[in-house]
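Colleague: Single-letter residue listing:
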Amino acid sequence: MSEALLEVSGLSVHFAARQAWFRTASPPVRAVQDVSFSVAPREIVGLVGESGSGKSTLARAILRLIAATSGSVRFEGVDLLGLEGRALKNVRRGMQVIFQDPYASLNPRMTAGQNIAEGLLLQGQSARLIPGAVADLLHQVGLPRDAANRHPHEFSGGQRQRIGIARALAVQPRLIIADEPVSALDMSIQAQVLNLLLDTQEQRGLALLFIGHDLSVIRHFCDRVMVLYLGRIVESGPTEEVFANPRHPYTRALIDAAPVSHPARRRARGALAGDPPSPITIASGCAFRSRCAHALDNCRAQVPALRHVGLQHLSACIRDEF
Amino acid sequence: MTALRAPPEARAADAGSPEPVLSLRKLAVEFATQGRSFRAVDGVTLDVFRGRTVALVGESGSGKSVTIQSIMRLLKSPARIAGGEILFRGRDGRRRDLAQLDERDMRTIRGNEIGLIFQEPMTSLNPLLKVGAQIAQAIRLHRPVSAREADAEAVTLLRQVEIAEAAARATEYPHQLSGGMRQRVMIAMALACSPVLLLADEPTTALDVTVQAQILRLLRTLQEQLGMGVLFVTHNLGVVAEIADRVEVMYGGQIIESAPVDGLFDRPVHPYTRALLASLPDADAPHVPRRRLAVVPGQVVDPRHVPPGCRFEPRCNFAIGECRTPPPVAQAAESHEVRCLRWSVL
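For the record, the sequence lines run as chains P and E. The first sequence lines up with residues 1 to 322 when you count with our numbering. The second sequence lines up with residues 1 to 346 when you count with our numbering.
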């Protein structure tokens, strides 16, 4: 797969569990385990999971904001995990991140314009050209020119997310990792920001890794979707196929649990029992078996591998009848 | 199963009685700071009946949570009730205006006849007290039972909110429980005194979807058992579709549309409701890659600076000059009201 923009293979992130001095070393928290996938140029890939699934940890490991335990992350063919210093900076410029809460990632003491200009300066853009470039970026994300002189707290949540997007775009990335970019926004503002992301994606030929928990947004937005459960991908495939024909019991449960779009579609469903278990104590075999209505004795034997259940559709369940 | 049951007098009063358990009449809440004041809630009128769920849906600044806080009389300065009535019909069938009650009388109602659950249970549970003891405390606050009886009832309640190994869980502290389990504990506590009205302020917003589905289902089951009225505040129209019998859509401190849940989703009338429903990705429509969503333009109205007429007018695609004066409430269909001048021509 030489054409992949981002290629993640066998990526694991383990955290040392908190140690108590009187206790012997406890096993590490396995937040991300043996995750492999790729993102092609211009592709929009969704990553779905509940809290504790490791989706944000995975994003941070790809960006090398936290250290991976093993595996590789290749961006445009270069393995990031082996890079340091300037070389890492250069590669990382090609991918940018947008967080759920832009307020936490914008410098509150700098104006919106200064926040956006930072990336341009790092790129070595001459100071003379920066005001014009900032104005262009503000225009692209639908903010007025005078927004450049205001501070982050003077904007609404949706406008701050626009500033976050403008700042990400400033360094001309090829990939944007969007970690729950609309979850904190009012519902009438979510569509505005989603459309803006689609427009930018199209105009700039970007690839997007879109992380979220809202299935209706993921389904609407993504070409391909990956479902993460306790640090492992349990199902992946073309969005429409996964939603129309989910093969892993967890994916099915997630789809069933999502709120309906009309009261007439309310169903007397058997909601999935139990809470997502903690990554500190993952059971042997299939991590989902403790909540799975279809679990067999065999499910505890080993971690089920991702198998092809369709041309590009993979599922990690040993049972065929789903 | 002694803990959760509708009091017999409530059932009797309920049978064939069309009187709502809660009626808000032109409720107004004002925030006043340094000579400037604004109305976060401006003339809210609604009814909640026993055994029914009313969803109060809105975005940030719509006034939905402030409405809940004023019913419970939990408003803190600089917020105060500036007008209107909060008519509550208690177990004894008597109707009282909660807006006029003093704190002592409110205490006999709060947590007893009216239960409240919030978005974040961790902030309302005592971290230093075992959850069973907290529920027992809530029981003994309002009912003359012995400590031992209260402890036993607490375990029964935990069982009824479907917590496995309830007796063991009762001896744990809030931090030892998952988010979903904590929300169940809070529901158990809210229901400890068999309230006739439950106020729920975004109770599933912080939860994962699979846990949200469990909690919504639990609330429906409990409502059937107890016959209480529920006022459910949410920003999520999917949750509304799941749980509501009736919907009140709030925008800028006012109810702008009010309808039975089917009517609202089938034939939304107000331009805001229509735009909002159109802007949601539809999980049941065919998947069209990269399709743009319909957009509600502009920013959510700031309650401190509301426009003089229709609150939605600056964002409305159908606004005309007359929309700059306050629109009347019109009857769009049976028990379907809308605060829009132009609803009939749109």
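Source of the hints: derived by calculation from the structure; they are not laboratory data. Treat the hints loosely; a few may be bogus.
[Said to hold, decoys possible] On the chain E side, residues computed to face chain P include the following (Cβ under 7 Å):
| hint | residue |
| --- | --- |
| 1 | P174 |
| 2 | S178 |
| 3 | L276 |
The model shown is predicted, which means the values in this text are computed figures rather than measured ones. C-beta atoms are modelled at their ideal positions from N, C-alpha and C, and glycine is treated no differently.
Colleague: Would the hint on E:S178 be counted as holding, given a Cβ-Cβ threshold of 7 Å to chain P?
Modeller: This interface hint holds because 4 Å falls under the 7 Å limit.
Colleague: Should the hint that E:L276 touches chain P count as held when the rule is a Cβ pair under 7 Å?
Modeller: Nearest chain P Cβ about 6 Å off; hint holds.
Colleague: Was the hint right that E:P174 lines chain P, CB cutoff 7 Å?
Modeller: violated, 15 Å
Hint 1 alone, counting from the list given before, is not met by this structure.
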